[in-house]
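Visitor: Here's the letter readout for the chains.
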Amino acid sequence: MDEVVLKSLLMAGLAGLSCGLTGVFIYLMNIPFIGVAIAHSAMAGGIWALIFNLPSKFLAFIASFLTAIFIGPITDRAKTNPNISLSIIFSFVMGIAFLGAGLLEGKNQLVTNFLWGNIFLSGWKDIFFHGVLVIFVIIFIIIFFRQFSVFLFNREIAATLGVNTGFILYFILFLIGIVVTLNLDIIGGLMLFALIITPPSIAYQFTFDLKKFFFISSLSGILGSTGGVILSFIFNLPVSATVVIFMSLLFFISTLFSPKRIRYGE
Amino acid sequence: MNEIISFYDVTVKIGQKTILSNIDFKLNRGDFILLIGANGSGKTTLLKTALGFIKPSFGSIIYKNEISGYKDIKNFCGYVPQRLDIDRYFPVIAEDVINFAKPEKNLLNYIIKEFRIKDIIRKPFGMLSGGERQKILLAMALSKKPDILLLDEPNLNLDINAYRDFLRCLLLIKKEFNPTILMVTHLISIIPKMVNRVFVIKDGRIIYKKAPYEIFKIKNIMEIIYG
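Going down the list, the sequences are from chains V and R. Going by this note's numbering, 70 is the number at position 70 of the first sequence; the sequence numbering is gapless. Going by this note's numbering, 210 is the number at position 210 of the second sequence; the sequence numbering is gapless.
Careful: at least some of the hints might be erroneous.
Listed below are the simulated DSS-like cross-link pairs for lysine-lysine, each with C-alpha atoms no more than 30 Å apart in a straight line [what the hints assert, rightly or not]:
(1) R:K74 with R:K102
(2) V:K211 with R:K123
(3) V:K260 with R:K123
DEER-style ranges, computed between Cβ atoms [said to hold, decoys possible]:
(4) V:D209 with R:S189: 34 to 42 Å
(5) R:S6 with V:L54: 55 to 63 Å
(6) R:F53 with V:I142: 23 to 31 Å
(7) R:I14 with V:N53: 43 to 51 Å
(8) V:I139 with R:K17: 42 to 50 Å
(9) V:N81 with R:N39: 19 to 27 Å
(10) V:G95 with R:R164: 53 to 61 Å
(11) V:I139 with R:N39: 43 to 51 Å
Every beta carbon over 12 Å from chain R, so not counted as near; a handful from chain V, in silico [to be verified]:
(12) L10
(13) I51
(14) K125
(15) G227
If you are wondering where the hints come from, they were derived from the structure by calculation, not from laboratory data. Model, not experiment: these values are computed from the prediction. Every residue, glycine too, gets a C-beta built ideally from N, C-alpha and C.
Here chain V stands alone, though its shape is the one from the complex (with noise of 0.2 Å):
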């Protein structure tokens, strides 16, 4: 196999996994602007750090970490419907990364990179950085996953059982931020909230079992991005939209067939 391809579909796969994996908790949280929002900070810290020279990684992570400690408080507080603020705040970083884009002279490439992904750009590297994270993602989810379960069910009854919300919130925000990160520059800011959304919402047609929920998310996420992968190479397509089209079908096709709604007659 080609290695560009290999590649390809590793960093696809991993793509995949680690956006099923946290799309769980923005999918059971109820809170999807909130991926919208960090995503597309983490864009606009990437378009700006080409602007002043800086590591654009690095900026990318620390904008949407910043986005998702101001969230927090928004989110926490709650005293506005969170899903409205959130879409203010995304309206706000969006208008910041196009500012930027349009600053930007010469570097058409890299920011297109932003937007839209390339995920041949991937080396050894990535790969092996990008393998690190879910490893961890995976561990934490372990160790931590009466305390998830319990916050995702209800947060004040999460307190009663001694469980830290404030920390397992924050924690969740900077997970979503490394991963948002990570997949910028691969998927794209435009198309990462897809990525980050559809795993969960098919794993939501097939189980009442949140460790299968995590389970099927994950797969979704490894089956539609490394499906589109394929499928872009086939036929020659773009491949942030083939995947993301791909996954969309995935999903389209799991309400067909969602063993939830035949056996419950809906």
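Assemble chain R onto chain V, guided by the hints.
Guide: This is chain R only, laid out in the frame that chain V set:
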């Protein structure tokens, strides 16, 4: 020392608005207190202040047992919230919810048998009826072996039979484990047996602390509770 929780002149303000004013009471070990009042009278705020979710603007709350002071009541309480807006397909079954509290096996078996929840234990929590959900949440709260149970309007959205069944489980717990219970409700027509005091709250103030049989002697009690 027999006190579990004491409110000393507690006032809670949210923004400019005063939600609770000068709340002053003590709950002793084994008390079963009913806190009744109209919608918006401050019942839930009082419960959440007791739980530490809301900090008093003035006054203090002391948690203690025979030996030492409680620093955080959340560690010693079982809490049943008003209702959970949880999606029907949320990936959690009833048994998972009880297991959140890591119950001992014997206690879990006792609860399953006495609460009569064997048939629903494997069902998705989101698919349960309001009454079944409340029983599962009560089972979870009890699984922690709490010193105090805080119940926020468990009758809300329950029909009379479901509520009676809930009370049956609650009285069973009271008899078997004798926790202190603080239950918020606006339903005065059914005062559970074993309630030893009723607090009436109006506009953020506790205006009466009475024995259950005395509560109906208050002239305008219906007006206070139902407006």
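Visitor: Take the hints in turn and mark each one as holding or not.
Guide: Status of the hints after comparison with the structure:
| no. | hint | verdict |
| --- | --- | --- |
| 1 | R:K74 with R:K102 | holds, 15 Å |
| 2 | V:K211 with R:K123 | holds, 16 Å |
| 3 | V:K260 with R:K123 | holds, 12 Å |
| 4 | V:D209 with R:S189: 34 to 42 Å | holds, 41 Å |
| 5 | R:S6 with V:L54: 55 to 63 Å | holds, 56 Å |
| 6 | R:F53 with V:I142: 23 to 31 Å | holds, 29 Å |
| 7 | R:I14 with V:N53: 43 to 51 Å | holds, 48 Å |
| 8 | V:I139 with R:K17: 42 to 50 Å | holds, 46 Å |
| 9 | V:N81 with R:N39: 19 to 27 Å | holds, 22 Å |
| 10 | V:G95 with R:R164: 53 to 61 Å | holds, 58 Å |
| 11 | V:I139 with R:N39: 43 to 51 Å | holds, 47 Å |
| 12 | L10 | holds, 29 Å |
| 13 | I51 | holds, 41 Å |
| 14 | K125 | holds, 36 Å |
| 15 | G227 | holds, 24 Å |
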